[in-house]
Amino acid sequence: MAFRKFLPLFDRVLVERLTAETVTKGGIMLPEKSQGKVLQATVVAVGPGSVNQKGHVLPVSVKVGEKVLLPEYGGTKVVLEEKDYFLFRDGDILGKYVD
Amino acid sequence: MAFRKFLPLFDRVLVERLTAETVTKGGIMLPEKSQGKVLQATVVAVGPGSVNQKGHVLPVSVKVGEKVLLPEYGGTKVVLEEKDYFLFRDGDILGKYVD
Amino acid sequence: MAFRKFLPLFDRVLVERLTAETVTKGGIMLPEKSQGKVLQATVVAVGPGSVNQKGHVLPVSVKVGEKVLLPEYGGTKVVLEEKDYFLFRDGDILGKYVD
Amino acid sequence: MAFRKFLPLFDRVLVERLTAETVTKGGIMLPEKSQGKVLQATVVAVGPGSVNQKGHVLPVSVKVGEKVLLPEYGGTKVVLEEKDYFLFRDGDILGKYVD
Amino acid sequence: MAFRKFLPLFDRVLVERLTAETVTKGGIMLPEKSQGKVLQATVVAVGPGSVNQKGHVLPVSVKVGEKVLLPEYGGTKVVLEEKDYFLFRDGDILGKYVD
Amino acid sequence: MAFRKFLPLFDRVLVERLTAETVTKGGIMLPEKSQGKVLQATVVAVGPGSVNQKGHVLPVSVKVGEKVLLPEYGGTKVVLEEKDYFLFRDGDILGKYVD
Amino acid sequence: MAFRKFLPLFDRVLVERLTAETVTKGGIMLPEKSQGKVLQATVVAVGPGSVNQKGHVLPVSVKVGEKVLLPEYGGTKVVLEEKDYFLFRDGDILGKYVD
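Residue numbers (this note's numbering), protein chains in the order written: chain A, 12 to 110; chain B, 12 to 110; chain C, 12 to 110; chain D, 12 to 110; chain E, 12 to 110; chain F, 12 to 110; chain G, 12 to 110.
Everything labelled a hint here was simulated from the structure, so no lab data went into it.
The reader is advised that the hints may include incorrect statements.
What the hints assert, rightly or not - With a Cα cut of at most 27 angstroms, we get these calculated DSS-like pairs of lysine-lysine: (1) K48/A - K88/A; (2) K65/F - K74/D; (3) K88/G - K88/F; (4) K65/D - K74/C; (5) K74/B - K48/B; (6) K94/D - K107/C; (7) K88/F - K78/D; (8) K88/D - K107/C; (9) K88/D - K88/C; (10) K88/D - K48/C; (11) K65/A - K65/G; (12) K107/A - K107/B; (13) K16/B - K107/B; (14) K88/C - K74/B; (15) K48/E - K16/A; (16) K94/D - K74/D; (17) K107/A - K74/A; (18) K78/A - K16/B; (19) K88/E - K88/A; (20) K88/B - K107/A; (21) K107/G - K65/E; (22) K65/F - K65/C; (23) K107/D - K48/D; (24) K16/G - K107/F; (25) K107/E - K74/A; (26) K65/C - K65/B; (27) K78/E - K88/A; (28) K88/E - K74/E; (29) K94/D - K48/C; (30) K65/A - K65/D; (31) K94/F - K48/D; (32) K88/E - K48/G; (33) K78/C - K88/D; (34) K94/D - K16/D; (35) K65/D - K107/C; (36) K88/G - K78/F; (37) K65/F - K65/E.
Turn these sequences into a full structure, and let the hints guide you.
Written out as structure tokens, the structure reads:
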């Protein structure tokens, strides 16, 4: 997989957005405009963490595989092997889903 | 409940706004425009706290179940299981109601 | 009293503005526009203080019952039990009146 | 005196501006517009000082009675017992006159 | 090579962008406008690192020869021996490709 | 002299600009517009230095009598005994002339 | 030389830009507009370094005589003995040329 070979730097987190619902439960296809913006994503790679003034690394707060909630705006789209991913700063991720 | 499965990150606090009064004491229904903005909310989930430069966690100042007063602006709406919640930074919550 | 049950967070201070003079010494009622903005207030509740980077609390510099001078702008109006109060950051209060 | 009963908070300094020259040496009255802005003032009350991140107080650099030079802009006008005073941050006062 | 003789200062990283695809797999030449912006680059020189408040050097997080992903905007173009290079702050580089 | 009685506060430096050349070497008077802005000045008084977060004073880097180069913009004009002086922050002075 | 007598303050670096090519290799004079902006310069004087919060001096990273690469914008032009020099903050210099 693409993200295995890509290592974010510092406190950056690489995520893959969940696919939007394109068909209603009743089977009707939704035009792209009606599809809600997908804010849920899966963490696919994490940076080592930010470095403080003393040179110590502060690890990121999420792990590969965790499902997170993204803010509506922000993030940087990166294309790895023709697939869209997004980079977010660890501190910008709103929360994560736990069992 | 939805919020049990969602864990805010850092110093974020997930709250549920109290429902607005939609009927006057005399029984008259209020149009949506006449309903005051509800600034009181109940804390439903809290992040572990912000992380300082040395990597120590500073816990948030409110607890799940506490009733808080929100600022009029700010906060991020998040939809969990088709219900509206709001995320606020711990430092942006104005105060809490105690007995 | 309302403010007994409301606890400001961090370095916030809840104050109640003194009532404006609405009648001149000669007994003439002043229209609202002619009434000066009241900048004097009484402290009714104080937060525990701001938290520094090490997690230590720095207490606020005013106490409940003290009469303070507010800046002309700023502060957040909060309504508690249908009465108007104002929240100010401790550092924004200009000074206090002492005997 | 009014300022004896008013205590500025933190690093604020209460000053009283010197009165502007309203009459020329030749005895001609100056219209208000021709009077220069008075930037010299006398310190009438000082706050205890600013509080650093560790909670230590850093005293202000001027004392009651000292004659100081104010910046042209800034400062907050406060009215105490119907007399105008001005509050400046200690760090905004340009300098003081010494013998 | 030019970059051997140029030493970036502080936390700056000198990179050389990979050449854009100018011909499709089918052999058709692409006009410049259709060529995607190349965000992949090779590190050709790195600064010693940023200097913190105590004078200690915090080394950069990439090494000469590593393949990195650049942000879409930012960076400073520098021409060394008539060849284009780009300087980026270490913290602005999004990530690196590892085997 | 006026500046002997004025003490700048913190890291402020009081300077007197050198007089502009108003006559060419050939004896022709220059209109004010043709006179270059004088950026050279003599230090006439210095503050004790800025105060850091721990309350320690960091002395200024110039001494009374030294000839300095001022930035083109900035500084605060102060009039002492009907003579123009300028206050600059120590850190804004570009350099000094040494023998 | 002029720069021997001028000492930059703090982390400022005085540089002299290399002269632009005004004649092509073929001997044709270039109009000023066609001459590229010269970003290479020689360090002619350096300040003692910036002072951190504890009063310690952090020396600059370049030495007198070194050839450096300047950013396209920024810097302060200073005229010393009718010759143009430029002052740059040490941290704004992009890199240096080493053998």
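For the pair supplied as a hint, K94/F and K48/D, is the alpha-carbon distance within the 27 angstroms limit? The given pair, whose Cα atoms are some 16 angstroms apart, holds under the 27 angstroms limit.
Compare the distance between the alpha carbons of K65/F and K74/D with 27 angstroms, and conclude whether the hinted pair is satisfied. Given pair K65/F, K74/D holds - Cα atoms ~21 angstroms apart, limit 27 angstroms.
Pairwise hint evaluation, K78/D against K88/F, where the allowed Cα distance is 27 angstroms at most: OK: K88/F and K78/D at ~18 angstroms, within 27 angstroms.
Would you check the hint for K88/G and K78/F, treating anything up to 27 angstroms between C-alpha atoms as holding? holds, 18 angstroms
Pair hint K94/D and K74/D, alpha-carbon separation not exceeding 27 angstroms: Roughly 21 angstroms between the alpha carbons, so the hint for K94/D and K74/D holds.
Given the hint that K65/F pairs with K65/E, test it: the Cα-Cα distance must not exceed 27 angstroms. Holds. K65/F to K65/E sits at ~16 angstroms (cutoff 27 angstroms).
Check the hint pairing K94/D with K16/D against an upper bound of 27 angstroms on the C-alpha distance. holds, 14 angstroms
Can you confirm whether the C-alpha distance between K107/G and K65/E stays at or below 27 angstroms? Between K107/G and K65/E the Cα gap is close to 24 angstroms, so the pair holds against 27 angstroms.
27 angstroms Cα cutoff - pair K78/A, K16/B: holds, 11 angstroms
27 angstroms limit on alpha-carbon distance, applied to hinted pair K88/C and K74/B: It holds: about 24 angstroms lies between the C-alpha atoms, which stays within 27 angstroms.
Check whether the Cα positions of K107/D and K48/D lie no farther apart than 27 angstroms. Holds: K107/D and K48/D sit about 17 angstroms apart, inside 27 angstroms.
Is the hinted pair K65/F and K65/C satisfied, with a Cα-Cα distance of at most 27 angstroms? Holds. K65/F to K65/C sits at ~16 angstroms (cutoff 27 angstroms).
The structure is consistent with each of the numbered hints, conforming to all of them.
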